[in-house]
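Colleague: Below, each chain spelled out in residue letters.
Number of protein chains: 2
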Amino acid sequence: MESPEKNIKLVIQYDGTLFHGFQKQKDGPRTVQEEVEKALERLTGETTPTEGAGRTDAGVHALGQVVSFKTTTRIPPVKIASALRVYLPEDIQTVDSIEVDGDFSARFSARAKEYGYYLYQSAAPVPVLRNYALFVPGEIDCAAMAEALTILEGEHDFSALKNEGSSPANPVKTIYRTGASRKGCFIKIVVYGSGFLYKMVRNIVGTVLEVGLGKRDTRWIREVLESGDRTLAGRTVGPQGLYLYRVDYEKSCCVKANRVKESSGSE
Amino acid sequence: MESPEKNIKLVIQYDGTLFHGFQKQKDGPRTVQEEVEKALERLTGETTPTEGAGRTDAGVHALGQVVSFKTTTRIPPVKIASALRVYLPEDIQTVDSIEVDGDFSARFSARAKEYGYYLYQSAAPVPVLRNYALFVPGEIDCAAMAEALTILEGEHDFSALKNEGSSPANPVKTIYRTGASRKGCFIKIVVYGSGFLYKMVRNIVGTVLEVGLGKRDTRWIREVLESGDRTLAGRTVGPQGLYLYRVDYEKSCCVKANRVKESSGSE
Numbered sequence: 148m149e150s151p152e153k154n155i156k157l158v159i160q161y162d163g164t165l166f167h168g169f170q171k172q173k174d175g176p177r178t179v180q181e182e183v184e185k186a187l188e189r190l191t192g193e194t195t196p197t198e199g200a201g202r203t204d205a206g207v208h209a210l211g212q213v214v215s216f217k218t219t220t221r222i223p224p225v226k227i228a229s230a231l232r233v234y235l236p237e238d239i240q241t242v243d244s245i246e247v248d249g250d251f252s253a254r255f256s257a258r259a260k261e262y263g264y265y266l267y268q269s270a271a272p273v274p275v276l277r278n279y280a281l282f283v284p285g286e287i288d289c290a291a292m293a294e295a296l297t298i299l300e301g302e303h304d305f306s307a308l309k310n311e312g313s314s315p316a317n318p319v320k321t322i323y324r325t326g327a328s329r330k331g332c333f334i335k336i337v338v339y340g341s342g343f344l345y346k347m348v349r350n351i352v353g354t355v356l357e358v359g360l361g362k363r364d365t366r367w368i369r370e371v372l373e374s375g376d377r378t379l380a381g382r383t384v385g386p387q388g389l390y391l392y393r394v395d396y397e398k399s400c401c402v403k404a405n406r407v408k409e410s411s412g413s414e
Numbered sequence: 148m149e150s151p152e153k154n155i156k157l158v159i160q161y162d163g164t165l166f167h168g169f170q171k172q173k174d175g176p177r178t179v180q181e182e183v184e185k186a187l188e189r190l191t192g193e194t195t196p197t198e199g200a201g202r203t204d205a206g207v208h209a210l211g212q213v214v215s216f217k218t219t220t221r222i223p224p225v226k227i228a229s230a231l232r233v234y235l236p237e238d239i240q241t242v243d244s245i246e247v248d249g250d251f252s253a254r255f256s257a258r259a260k261e262y263g264y265y266l267y268q269s270a271a272p273v274p275v276l277r278n279y280a281l282f283v284p285g286e287i288d289c290a291a292m293a294e295a296l297t298i299l300e301g302e303h304d305f306s307a308l309k310n311e312g313s314s315p316a317n318p319v320k321t322i323y324r325t326g327a328s329r330k331g332c333f334i335k336i337v338v339y340g341s342g343f344l345y346k347m348v349r350n351i352v353g354t355v356l357e358v359g360l361g362k363r364d365t366r367w368i369r370e371v372l373e374s375g376d377r378t379l380a381g382r383t384v385g386p387q388g389l390y391l392y393r394v395d396y397e398k399s400c401c402v403k404a405n406r407v408k409e410s411s412g413s414e
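Protein chains in written order, with the numbering used here: chain A, 148 to 414; chain B, 148 to 414.
It is possible that part of the hints are untrue.
[What the hints assert, rightly or not] With a straight-line Cα cutoff of 27 Å, these simulated DSS-like cross-link-like pairs (lysine-lysine) come out:
no., chain 1, residue 1, chain 2, residue 2
1, B, 330, A, 330
2, A, 171, A, 217
3, B, 217, B, 335
4, B, 226, B, 335
5, A, 335, B, 185
6, A, 153, A, 171
7, B, 335, A, 330
8, A, 320, A, 398
9, B, 335, A, 335
10, A, 226, A, 398
11, A, 226, A, 173
12, A, 335, A, 320
[Claimed, not checked] What follows is a set of in silico ranges between Cβ atoms, one per label pair, in the way DEER data are often shown:
no., chain 1, residue 1, chain 2, residue 2, range
13, A, 175, B, 269, 48 to 56 Å
14, A, 326, B, 150, 50 to 58 Å
15, A, 290, B, 362, 43 to 51 Å
The set of hints was computed from the structure by calculation and includes no laboratory data. Backbone N, C-alpha and C fix where the C-beta goes; we use that ideal spot for every residue, glycine too.
All chains, full assembly: derive it from the sequences and hints.
Modeller: Rendered as structure tokens:
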């Protein structure tokens, strides 16, 4: 006997190293979405199309990716996350699951996302970090990078910091908060905003890194941003340092939630 | 024209995840030693047998493994490390190289080794950490674990903390220093000693973890140690949290060194 259809919000983590990105590809290589859908099918017996909040690229990690899907399973919504673990590979892990309004969409209901990017300074690349942080041989001025990041805060046309290749999107986004902090040999860059264009976070990091390395000053960041010209900005840094931390939604999306989690609350 | 034969001490780092341990195996799977010897052959044109200070197991990492070998290459000894990088896979990295006395042996001249082991506490396993630290679901009492570790300091017969499988060795070793410290969700255990028996560090961690989890008290550690009985000790924890930090030698071994590095100095 089936239950009425429910809409589920599932939070997951993954190591992006061995995935060709989040999004399922036809007859394609291993993706996070395909592994999650296979696990759901094994758990519930239903073919379950899913939607992801952020379509992370190959090599990009997630600590708080959000996936939504509809199901008629009789497993209580809050238990789906732990029940699913048995069927997932060890590079994907579930965090929690709740029932949400029928019109909730992991992708389209998202109000903000937070990304982190890790760099490390060292005389030579460190093998155990090669898939998890970007090696930077030179000295980095963390405070200069933090200052450069603040220029990006607010509502701007971010055309200069997006790559081609994604579906056309409104290039106007709002960055609510940025930060750059040092811990030992690591520098962590955090960017929290309304939404991000294709490779925008990796282009932001590649651009403020020019300032951190003393090659450019913070005025240059403003010029790049105002130019709308991608060729003026810095390089797209590698995917291995990038982590999707959190996706925020309006609290009202989750009225059916059995409990309110930090990961589902908007700032 | 060949140079006279020189004895070289090379310090390397590696990510053990994709290796079946350090030691070369006949017609066997991928090992660190084989990759280093292949790279040396490509660099120098010579078949170059090597010796490693510690024969780390599959999945164990190294930040300061030492390898020694003899070569007639005309590349200056201190430049071998950087020249070799081109021929090494990205999960092995060289740190430095120096010329040492002809009778120096990475394995038999070693006076002390330092290992680190990382645990992390979390509600569920974290995918990006799965190959680099041990997931522990419960609360860990770090101070209790540090106290348990001090009981192992000094000269003891460590038969209770070694696994079978290695060549017979004198089970009497000296542990000079231990430590357990917390940083965020991580706990780092450090053990510095004259030498280590087969799987001894992983057995030490599995045993003091029983104390850290409140299942045993520190007196039990003394009983285990004095019993000489492996079956009384804790489990062998996984290889993924283990890092060979450093191997120390008598300074006199390295009289030919062009420079004295921290990694080659004895404590």
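Colleague: Taking the hints in turn, state whether each one holds.
Modeller: Against the structure, the hints:
{"no.": "1", "hint": "B/330 x A/330", "result": "holds (11 Å)"}
{"no.": "2", "hint": "A/171 x A/217", "result": "holds (17 Å)"}
{"no.": "3", "hint": "B/217 x B/335", "result": "violated (36 Å)"}
{"no.": "4", "hint": "B/226 x B/335", "result": "violated (34 Å)"}
{"no.": "5", "hint": "A/335 x B/185", "result": "violated (37 Å)"}
{"no.": "6", "hint": "A/153 x A/171", "result": "holds (23 Å)"}
{"no.": "7", "hint": "B/335 x A/330", "result": "holds (16 Å)"}
{"no.": "8", "hint": "A/320 x A/398", "result": "holds (21 Å)"}
{"no.": "9", "hint": "B/335 x A/335", "result": "holds (21 Å)"}
{"no.": "10", "hint": "A/226 x A/398", "result": "holds (21 Å)"}
{"no.": "11", "hint": "A/226 x A/173", "result": "violated (30 Å)"}
{"no.": "12", "hint": "A/335 x A/320", "result": "holds (22 Å)"}
{"no.": "13", "hint": "A/175 x B/269: 48 to 56 Å", "result": "violated (32 Å)"}
{"no.": "14", "hint": "A/326 x B/150: 50 to 58 Å", "result": "holds (53 Å)"}
{"no.": "15", "hint": "A/290 x B/362: 43 to 51 Å", "result": "holds (47 Å)"}
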